[in-house]
Amino acid sequence: MTRRVSTSPLAPRRSPVLTVLMALFLVYTLVPLVWLILSATKTQADLFSSPGLWVGDQFAFFSNIRETLTYRDGIFLRWLANTLLYVVVGAGGATLLATAAGYGLAKYRFPGRRVVFAVILGAVAVPGTALAVPTFLMFSNMGLTNTVWAIIIPSLISPFGLYLMWVYAADAVPDELLEAARIDGAGEVRIFFTVVLRLLAPGIVTVLLFAVVSTWNNYFLPLIMLSEPKLYPLTVGLTQWSAQATGANAQPVYNLVVTGSLLTIAPLVIAFILLQRFWQSGLSAGSVKQ
Amino acid sequence: MLIISGRRARRRIALVAAALTAASVLAGCGSGDGGGSGSEGSAADLDAALEKGGTITYWTWTPSAEAQVAAFEKQYPKVKVKLVNAGTGNDHYTKLQNAIKAGSGGPDVAQVEYKALPQFALPGDLIDLSQYGFDEFESDYTPSTWASVHAGDGLYGLPQDSGPMALFYNQQVFDEHKLGVPKTWEEYVTAARTIKKENPSQCITNDSGDPGFTTSMIWQAGGTPFQADGEKVTIDLQDDGTKKWTGVWDQLVEDQLVCTIPGWTEEWYKALGDGTIASIALGAWAPGVFEQSVPDGAGKWRVAPMPTYDGQPATAENGGSTQSVLEQSKNPALAAAFVRWLNHDEGIKPFLESGGFPATVADLQDPAFVDKKVDYFGGQQVNQVLTDAATQVVEGWQYLPYQLYADTIYGDTVGKSYQTHSALEGGLTAWQEALVKYGDQQGFSVN
Numbered sequence: 016m017t018r019r020v021s022t023s024p025l026a027p028r029r030s031p032v033l034t035v036l037m038a039l040f041l042v043y044t045l046v047p048l049v050w051l052i053l054s055a056t057k058t059q060a061d062l063f064s065s066p067g068l069w070v071g072d073q074f075a076f077f078s079n080i081r082e083t084l085t086y087r088d089g090i091f092l093r094w095l096a097n098t099l100l101y102v103v104v105g106a107g108g109a110t111l112l113a114t115a116a117g118y119g120l121a122k123y124r125f126p127g128r129r130v131v132f133a134v135i136l137g138a139v140a141v142p143g144t145a146l147a148v149p150t151f152l153m154f155s156n157m158g159l160t161n162t163v164w165a166i167i168i169p170s171l172i173s174p175f176g177l178y179l180m181w182v183y184a185a186d187a188v189p190d191e192l193l194e195a196a197r198i199d200g201a202g203e204v205r206i207f208f209t210v211v212l213r214l215l216a217p218g219i220v221t222v223l224l225f226a227v228v229s230t231w232n233n234y235f236l237p238l239i240m241l242s243e244p245k246l247y248p249l250t251v252g253l254t255q256w257s258a259q260a261t262g263a264n265a266q267p268v269y270n271l272v273v274t275g276s277l278l279t280i281a282p283l284v285i286a287f288i289l290l291q292r293f294w295q296s297g298l299s300a301g302s303v304k305q
Numbered sequence: 004m005l006i007i008s009g010r011r012a013r014r015r016i017a018l019v020a021a022a023l024t025a026a027s028v029l030a031g032c033g034s035g036d037g038g039g040s041g042s043e044g045s046a047a048d049l050d051a052a053l054e055k056g057g058t059i060t061y062w063t064w065t066p067s068a069e070a071q072v073a074a075f076e077k078q079y080p081k082v083k084v085k086l087v088n089a090g091t092g093n094d095h096y097t098k099l100q101n102a103i104k105a106g107s108g109g110p111d112v113a114q115v116e117y118k119a120l121p122q123f124a125l126p127g128d129l130i131d132l133s134q135y136g137f138d139e140f141e142s143d144y145t146p147s148t149w150a151s152v153h154a155g156d157g158l159y160g161l162p163q164d165s166g167p168m169a170l171f172y173n174q175q176v177f178d179e180h181k182l183g184v185p186k187t188w189e190e191y192v193t194a195a196r197t198i199k200k201e202n203p204s205q206c207i208t209n210d211s212g213d214p215g216f217t218t219s220m221i222w223q224a225g226g227t228p229f230q231a232d233g234e235k236v237t238i239d240l241q242d243d244g245t246k247k248w249t250g251v252w253d254q255l256v257e258d259q260l261v262c263t264i265p266g267w268t269e270e271w272y273k274a275l276g277d278g279t280i281a282s283i284a285l286g287a288w289a290p291g292v293f294e295q296s297v298p299d300g301a302g303k304w305r306v307a308p309m310p311t312y313d314g315q316p317a318t319a320e321n322g323g324s325t326q327s328v329l330e331q332s333k334n335p336a337l338a339a340a341f342v343r344w345l346n347h348d349e350g351i352k353p354f355l356e357s358g359g360f361p362a363t364v365a366d367l368q369d370p371a372f373v374d375k376k377v378d379y380f381g382g383q384q385v386n387q388v389l390t391d392a393a394t395q396v397v398e399g400w401q402y403l404p405y406q407l408y409a410d411t412i413y414g415d416t417v418g419k420s421y422q423t424h425s426a427l428e429g430g431l432t433a434w435q436e437a438l439v440k441y442g443d444q445q446g447f448s449v450n
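Just so you know, the sequences run in chain order W and V. The first sequence maps to residues 16 to 305 in my numbering. The second sequence maps to residues 4 to 450 in my numbering.
Read the hints as simulated data drawn from the structure, not as lab findings. For glycine and all other residues, C-beta sits at the position ideal for the given N, C-alpha and C. There's no promise every hint is true.
[To be verified] Here are the simulated SDA-like pairs of lysine to any residue, each with C-alpha atoms no more than 25 Å apart in a straight line: (1) V:Lys440 with W:Leu53; (2) V:Lys273 with W:Glu243; (3) V:Lys273 with W:Asp88; (4) V:Lys273 with W:Leu99; (5) W:Lys245 with V:Gly92; (6) W:Lys245 with V:Ala73; (7) W:Lys245 with V:Glu234; (8) V:Lys273 with W:Lys245; (9) W:Lys245 with V:Glu76; (10) V:Lys85 with W:Glu243; (11) V:Lys273 with W:Ser78; (12) V:Lys85 with W:Pro47; (13) V:Lys273 with V:His180; (14) V:Lys199 with W:Gln73; (15) V:Lys273 with W:Met157; (16) V:Lys273 with W:Thr162; (17) V:Lys273 with W:Gln73; (18) V:Lys273 with W:Leu68; (19) V:Lys85 with V:Lys273; (20) V:Lys85 with W:Met157; (21) V:Lys247 with V:Thr193; (22) V:Lys77 with W:Gln291; (23) V:Lys333 with W:Gly89; (24) W:Lys245 with V:Lys352; (25) W:Lys245 with V:Thr193; (26) V:Lys352 with W:Ser229; (27) V:Lys273 with V:Thr65; (28) V:Lys273 with W:Thr58; (29) V:Lys352 with V:Asp313; (30) V:Lys85 with W:Leu53.
[Said to hold, decoys possible] Listed below are several chain W residues computed to face chain V (Cβ distance under 7 Å; list not exhaustive): (31) Ser30; (32) Ala115; (33) Gly119; (34) Ser155; (35) Thr160; (36) Thr162; (37) Phe235; (38) Ile239; (39) Pro244; (40) Ser257.
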């Protein structure tokens, strides 16, 4: 890193191969998105009869949106509200818990720390999907399936976020600063909320983004936990619309599935664009030794 | 050091998870076995339950359900039916299976497709409705649907719809190629070759490997590859009926005369509308699908009886569902009364109005239904063909007691034959081997 910088400190070298690769990757990433946006402007008949990456005969974008929002008594809005609830409480709570625990583990010495560390590392390695069925049976014994808690409680746990906050807090919060605060007479809770949270902000945004994305896209857990469509998040609800196209009672609503998908990813895209500033500084934190 | 302890922790978590799963599965089995004879009732109990009222939950994805529930609640104001669309097909069954395993959280009444009935009925998850005197309804339903709601010795539902198969064909495409409607499968293959030769972008039909279609086609050929008698299951996907079917279908698959467009996709609906797919064998419920979802095909499509092997009429059921009462229902009498209303009494009317194809003999013989001219099919009286088909279903068919599992692994076995355009026998053998192995693991004794 340092060596290359010293050969051409101001103008980084251009590599045609890398540029082409990046361009290819960009196209690869954007084509599905372009397809989605174009398809959301088509009626169901146009979806069937016009090429995928070109416009249809009619421009039905707004009527599609209206229909998506009103189909089946506006259940889509209900699903959107559910998703927001799961994201705000679940991902927000997960971030708060991960921040507090990560900071605690990084800055306090207590017996059993290594065990906690081992458990967390282990938990990072177990995919949530693998735990979904055991979680379902546990929740079912507690009578919590088919309630919002069945989605919120498992979302509160983010071992990866905790690990990230731990590593981040170890570097970003100087011990000297904590000592100074203690000498000035601040309590531990006050130190956490007034001093530490600010220092950890870039890390928190990173963890929050991860948690928001994973809760927003959470599919398998709600699929098995919930049977009441009024509690579904968008992911499961849209799959249900899509599955409607199958079998003896088929009622395909592909135009609504496509428009619904576009509406579903829009908030995530907006969140990323707004928060990317914080995120970038979060990613590069810790890359240079002080 | 850290990594090692991490791995150990992971293993410990995995162990705990496995133990949990095992424990609750055992618990689930236990409660399933214990309950079987818990509720004894009679026909009079049902009327009493309707009189008394209460709340039941009904899981279904049929589009007619909303109108039916509204009509039912109007007729019996004391009864509240909570209607839940828990998903279509497999999503619905996954949730049903989960609720059964967990011992609670399931509905009182659930839609169950005929192919899935044995899987839920045989382990004792559904209530035997003969205790309420439903046996006497036998003559009200077609023999094939009546057989489909039985598993072992029990009666586990009343048939709602039926799907005797017929050949739907695009008259315009057939005219273009100067083809008549094939009466035998031999003529069908000849027609397939003509179409492919004259216009390679068209094909006689689409088939990329679909378990429901395969089993129905074997059924029509007189095959009985699956036989279940208690714990004893026999699987023979090389029997005469199966061979008769593969004899015809291998020609279509190996010579690539069928389109490999998967069913129920956007592409499929499109291909049905623009003449890419010239014909398709589907259950009698298909006219509703065409009318609603293939607008471009209006006026082009017609219905004919299924082609057969010897020119004699014969067909099979394709799709169709029943409503069943779950063992874990807290109010089985009320649930059974709802099922009786739904599929035997007043509930049939809203079902027919939503375009359903009935399983009840009286409705299948009703001139207003049979002789109706359908504009979409160029004014053809399609129900004449379809109700005839309902009387021509080959007898003796059974599904596996784990048909849903069988369907999920179909793509990995028979589906491969389709992909490589090779003889279906190879794929069917692999399917059979996998099914025998799975059945033995599940505690059946499989031959």
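Quick rundown of the hints versus the structure:
1. V:Lys440 with W:Leu53: violated, 47 Å
2. V:Lys273 with W:Glu243: violated, 32 Å
3. V:Lys273 with W:Asp88: violated, 28 Å
4. V:Lys273 with W:Leu99: Judged against 25 Å, a Cα distance of about 36 Å means the pair is violated.
5. W:Lys245 with V:Gly92: holds, 19 Å
6. W:Lys245 with V:Ala73: holds, 19 Å
7. W:Lys245 with V:Glu234: Not satisfied, since the Cα-Cα distance of roughly 40 Å exceeds 25 Å.
8. V:Lys273 with W:Lys245: Judged against 25 Å, a Cα distance of about 32 Å means the pair is violated.
9. W:Lys245 with V:Glu76: Holds, at roughly 21 Å.
10. V:Lys85 with W:Glu243: holds, 10 Å
11. V:Lys273 with W:Ser78: Holds: Lys273 (chain V) and Ser78 (chain W) sit about 21 Å apart, inside 25 Å.
12. V:Lys85 with W:Pro47: violated, 39 Å
13. V:Lys273 with V:His180: holds, 21 Å
14. V:Lys199 with W:Gln73: Answer violated: Lys199 (chain V) to Gln73 (chain W) is near 33 Å, above 25 Å.
15. V:Lys273 with W:Met157: This hinted pair is violated, its Cα atoms lying about 48 Å apart.
16. V:Lys273 with W:Thr162: violated, 40 Å
17. V:Lys273 with W:Gln73: holds, 17 Å
18. V:Lys273 with W:Leu68: Judged against 25 Å, a Cα distance of about 16 Å means the pair holds.
19. V:Lys85 with V:Lys273: violated, 36 Å
20. V:Lys85 with W:Met157: Holds - the C-alpha atoms of Met157 (chain W) and Lys85 (chain V) are around 23 Å apart, at most 25 Å.
21. V:Lys247 with V:Thr193: holds, 17 Å
22. V:Lys77 with W:Gln291: Given pair Lys77 (chain V), Gln291 (chain W) is violated - Cα atoms ~56 Å apart, limit 25 Å.
23. V:Lys333 with W:Gly89: violated, 32 Å
24. W:Lys245 with V:Lys352: This hinted pair is violated, its Cα atoms lying about 28 Å apart.
25. W:Lys245 with V:Thr193: Not satisfied, since the Cα-Cα distance of roughly 52 Å exceeds 25 Å.
26. V:Lys352 with W:Ser229: violated, 46 Å
27. V:Lys273 with V:Thr65: Given that 25 Å is the threshold and the Cα spacing comes to 24 Å, the pair holds.
28. V:Lys273 with W:Thr58: holds, 13 Å
29. V:Lys352 with V:Asp313: The hint is violated at about 38 Å.
30. V:Lys85 with W:Leu53: It is violated: about 39 Å lies between the C-alpha atoms, which goes past 25 Å.
31. Ser30: violated, 35 Å
32. Ala115: violated, 22 Å
33. Gly119: violated, 19 Å
34. Ser155: holds, 4 Å
35. Thr160: Holds: closest Cβ of chain V sits about 5 Å from Thr160 (chain W), inside 7 Å.
36. Thr162: violated, 10 Å
37. Phe235: violated, 11 Å
38. Ile239: holds, 6 Å
39. Pro244: OK, holds: Pro244 (chain W) within 7 Å of chain V, min 6 Å.
40. Ser257: violated, 9 Å
Of the numbered hints given earlier, the model fails hints 1, 2, 3, 4, 7, 8, 12, 14, 15, 16, 19, 22, 23, 24, 25, 26, 29, 30, 31, 32, 33, 36, 37, 40; all others are met.
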